[in-house]
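This is what each chain is made of:
4 protein chains.
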Amino acid sequence: MVRTVIGVMGSGHPLDHHARELAYRVGAMIADRGWALLTGGSATGVMDAASRGAHEAGGLVVGVLKSDSGAEASSFVDVAIRTGMGDARNVINVLSSDVVIALPGGAGTLSEVALALKAGKTVVAIGWEPGQSMRQASDGLLAYATTAEEAIAIVATAIAHHHH
Amino acid sequence: MVRTVIGVMGSGHPLDHHARELAYRVGAMIADRGWALLTGGSATGVMDAASRGAHEAGGLVVGVLKSDSGAEASSFVDVAIRTGMGDARNVINVLSSDVVIALPGGAGTLSEVALALKAGKTVVAIGWEPGQSMRQASDGLLAYATTAEEAIAIVATAIAHHHH
Amino acid sequence: MVRTVIGVMGSGHPLDHHARELAYRVGAMIADRGWALLTGGSATGVMDAASRGAHEAGGLVVGVLKSDSGAEASSFVDVAIRTGMGDARNVINVLSSDVVIALPGGAGTLSEVALALKAGKTVVAIGWEPGQSMRQASDGLLAYATTAEEAIAIVATAIAHHHH
Amino acid sequence: MVRTVIGVMGSGHPLDHHARELAYRVGAMIADRGWALLTGGSATGVMDAASRGAHEAGGLVVGVLKSDSGAEASSFVDVAIRTGMGDARNVINVLSSDVVIALPGGAGTLSEVALALKAGKTVVAIGWEPGQSMRQASDGLLAYATTAEEAIAIVATAIAHHHH
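Residue numbers (our numbering), protein chains in the order written: chain A, 45 to 208; chain B, 45 to 208; chain C, 45 to 208; chain D, 45 to 208.
A few of these clues could be false.
Computed far set for chain D versus chain A, every beta-carbon distance over 12 Å [as the list claims (entries may be wrong)]: (1) GLU65; (2) ARG69; (3) ALA87; (4) SER111; (5) THR127; (6) ALA132; (7) ALA189; (8) HIS206.
Label-pair restraints from in silico Cβ distances [claimed, not checked]: (9) HIS57(B) - GLU173(C): 17 to 25 Å; (10) TRP172(A) - GLY102(D): 49 to 57 Å; (11) HIS57(B) - HIS62(C): 21 to 29 Å; (12) ASP60(D) - ALA204(B): 38 to 46 Å; (13) HIS205(B) - ARG47(A): 45 to 53 Å; (14) GLU194(A) - GLY164(B): 31 to 39 Å; (15) MET45(C) - GLY171(D): 46 to 54 Å; (16) HIS61(D) - THR201(C): 54 to 62 Å; (17) THR190(A) - HIS57(D): 56 to 64 Å; (18) HIS206(D) - GLN176(C): 27 to 35 Å; (19) ASP76(A) - SER119(C): 20 to 28 Å; (20) PRO58(C) - HIS57(B): 56 to 64 Å.
If you are wondering where the hints come from, they were derived from the structure by calculation, not from laboratory data.
No experiment lies behind these values; they were computed from the predicted model shown.
Built from N, CA and C at the ideal position, the CB exists for glycine as well.
Construct the entire structure; sequences and hints are all you get.
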């Protein structure tokens, strides 16, 4: 049966200790709930830290990669989807996620938040604010959390609503 | 020789008189400069109004469409690129544009602004503010204009820098 | 660690008993080897039968779907990648597969065989012949098998070469 | 008004004199009919020769490129669609063409023939045979010509039927 997939987006750059810890814990908590984790698959930033968290908690990790070779993949990815499509894979990331969690990031992350809202997905931002324009465009789908626990609780509620 | 292409993004919903007029004038001024206009190609909102403006000024209009059939195309589109890829065509829109002009819009427009910044393109927002997160992510590539004339002047400067 | 993924392509139309059995056994043998199965994900034809085979053998089934909703997904898919890209997902299918097994099919299957060869992947055709043009274009990457066992043996050899 | 677009596919490798001349003449005859030419846009093989033919006959040339930079573009391309999607742009090539002309080529060309047939497009092969499997999959959409003139006549008939 098709598994519930939670997407985790965020910076692809090196993270400070706090951000890395947060991404790791989000990944771990997704795995603990029995959900699959989906990220952009790279061995960097939020993608790598969240994948490591889910992997070490025994979860399934899906990486939707920019390249056609998969050379950039995190070693914590179980299933590598090699798109060869660059940032167009951001669309696949959000469509394939039942709910999206967005950690702080740059333009790529903002594109994923916007594409997720466009696709009618609930987006949970942890510890940052995607901005007033995004909030106006969100149609009530953009939620805010300050901790991993709070984010996971919002995701659980969104999924429950989704299935009823 | 490959033509200079200016992308115009913005709301796909019905526009009020002022917004329609602005999009129309932007399209017309793009054509007047000898640039090709690129939009998402639909017969609605900013896409249709800008395409009409460029068409009536004798310009070339490229529409990069979501559908595989092209059924949604504006009648002012000359070249219809039928992608069958839904919002993934937003990536093609910004990659194929030398500079992007963003009129007010929703989540789709925000995704295009973010994707354009990610791709290193200059984005000119006319009459709105994509938000502080976008500005932080913009690496100096996000410019603001209040009129069509001002926007076109910024585009011309960006293209000149680009070619030198 | 990134798992080995074997793609199985073939007709999306209803299968006769023999073809269904073949696809089922190919899927089951992929799971038995510990490889993940990747298909186009639909609840029809080869995709459904192979997914069922892998699922019932305890394997992991990845479905790369045409739609953005996933409504067409086989109930034997574990991980649904919703692309919203129609046949452009055929490219993702072959790039994400380490080796491709092609059962008889129509134009979609032929496109996947051609795209896989283009991407430098080994393709194993079971019980059919993709044609002389495809063979000329194959650069030695197109192999033929008459049974599931024979195909799996070729796949195993190709993977072993790949990893050395 | 949306222009009629004829796609020309074929080898991306260097051509011998005869093949280059054929591609050039096909491009020129497309332009003479007032149709826009669409190719994969590269400065090599059939793409370049057909683009040159259309350009020198005063036609409009659309190139749908693999890269995100457009660096590979033929200098005879007027409108460069930069997809950044590699071979996934083959799908866009065929969807955006009203009819596809296929000159001899390799796996990429075969993928385009298959994708075009899948999309219900008429495909005219000049001077080669895509193979029996393709013919079986073609549902009557695959036509054969031995000269540029013959191919253009078939295209004209297909377009006329299409519009009625």
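Tested hints:
The claim that GLU65(D) lies off the interface holds: its Cβ sits roughly 34 Å from the closest Cβ of chain A, which is beyond the 12 Å cut-off. The Cβ of ARG69(D) sits about 34 Å from the closest Cβ of chain A, beyond the 12 Å cut-off, so the non-interface label holds. With a cut of 12 Å on Cβ distances, ALA87(D) stays outside the contact zone with chain A, its closest approach being about 21 Å. A cut-off of 12 Å between C-beta atoms contradicts the statement that SER111(D) is not in contact with chain A; the least separation is 10 Å.
Not every CB of chain A lies more than 12 Å from the CB of THR127(D), the least distance being 8 Å, so the non-interface label is violated. The Cβ of ALA132(D) sits about 6 Å from the closest Cβ of chain A, inside the 12 Å cut-off, so the non-interface label is violated. No beta-carbon of chain A is positioned within 12 Å of the beta-carbon of ALA189(D); the least distance is around 33 Å. No beta-carbon of chain A is positioned within 12 Å of the beta-carbon of HIS206(D); the least distance is around 30 Å.
Between HIS57(B) and GLU173(C) the C-beta distance comes to about 52 Å, which lies outside the given range of 17 to 25 Å. The supplied range of 49 to 57 Å is met by TRP172(A) and GLY102(D), whose beta-carbon atoms lie about 54 Å from each other. A hinted range of 21 to 29 Å for the beta carbons of HIS57(B) and HIS62(C) is inconsistent with their spacing of about 53 Å. A beta carbon spacing of about 42 Å between ASP60(D) and ALA204(B) agrees with the range 38 to 46 Å that was offered as a hint.
At roughly 49 Å, the beta carbons of HIS205(B) and ARG47(A) sit within the given window of 45 to 53 Å. At about 35 Å, the CB distance of GLU194(A) to GLY164(B) agrees with the hint of 31 to 39 Å. Between MET45(C) and GLY171(D) the C-beta distance comes to about 49 Å, which sits within the given range of 46 to 54 Å. Against the hinted window of 54 to 62 Å, the Cβ-Cβ separation of HIS61(D) and THR201(C) comes to about 42 Å, which falls outside the hint.
Between THR190(A) and HIS57(D) the Cβ separation comes to about 58 Å, which falls inside the hinted range of 56 to 64 Å. The hint said 27 to 35 Å for the Cβ distance between HIS206(D) and GLN176(C), and at roughly 31 Å that hint holds. Checked against the hint of 20 to 28 Å, the pair ASP76(A) and SER119(C) passes, with Cβ atoms roughly 25 Å apart. Separation of PRO58(C) from HIS57(B) is about 42 Å and departs from the stated range, judged on CB atoms against 56 to 64 Å.
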